[in-house]
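Enquirer: Model the full structure from these sequences, guided by the hints.
When we follow the UniProt record's numbering, the leftmost residue of the sequence shown carries the number 1, and every step to the right adds one.
What the hints contain is simulated information worked out from the structure, not anything from laboratory work.
Since we're looking at a predicted model, the values are computed, not measured.
Keep in mind that the hints are not guaranteed to be accurate.
As the list claims (entries may be wrong) - Mimicking BS3-like on lysine-lysine, the simulated pairs with C-alpha atoms at most 30 angstroms apart in a straight line are:
(1) 39 to 65
(2) 54 to 37
(3) 93 to 65
(4) 54 to 39
(5) 54 to 65
(6) 54 to 93
(7) 93 to 37
(8) 93 to 39
(9) 37 to 65
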Amino acid sequence: MSTFFAIYDARENFEQLLSYYASDAVLIDVVYGHCAKGKQAIREFLRWGDPLLKLNEGNSLSIQKQLLNGDTGVTIGTFEPITYGGQSYSYWKFVIIQTFDENGLIQKQVDWINYLPREDFPGGADINLLDPFGEQQDCNMSSS
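Expert: Structure below.
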């Protein structure tokens with residue numbers, strides 16, 4: 001977990017970051033209302049190469065606490081300020097829950113990120129229709 005977040009913080013090697021995900025990994029962003037299944041969908045969602053994104057000097061995130069219990073890790077931290085499309089955004093607190101497969105790869109990641117200002121991030125799908133903490137390993141939004 002620590003190495004994954006160090007790579008994320010440096011924001012220099014996206015392929016290396018993606019190598020930590022299983023090929024069929026699921027990333028659920030609860031607040032934004034998005035679910036991505038598979039490395040390509042995760043790549044498109046994270047958009048590291050987005051020319052509108054400008055990072056400030058120094059760290060892109062800071063970690064306050066990490067917990068690991070069996071196949072599940074929890075990371076609590078803060079994303080540092082950014083500029084996107086000319087708009088400045090302040091700190092965003094986050095909790096990221098990752099479940100690892102038998103090879104130590106991320107099988108499921110559930111992000112809780114406090115996107116502010118709220119009106120700039122209206123969200124997408126109703127993630128309440130998913131089971132982010134259960135065994136569900138897809139992005140099927142059916143309510144059954």
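Enquirer: Taking the hints in turn, state whether each one holds.
Expert: Evaluated hints:
1. 39 to 65: holds (26 angstroms)
2. 54 to 37: Judged against 30 angstroms, a Cα distance of about 26 angstroms means the pair holds.
3. 93 to 65: Given that 30 angstroms is the threshold and the Cα spacing comes to 12 angstroms, the pair holds.
4. 54 to 39: holds (23 angstroms)
5. 54 to 65: Distance ~26 angstroms between residue 54 and residue 65 Cα, so the pair holds.
6. 54 to 93: This hinted pair holds, its Cα atoms lying about 19 angstroms apart.
7. 93 to 37: holds (24 angstroms)
8. 93 to 39: holds (25 angstroms)
9. 37 to 65: Measuring from Cα to Cα gives roughly 27 angstroms; hence the hint holds.
In this structure, every one of the numbered hints holds.
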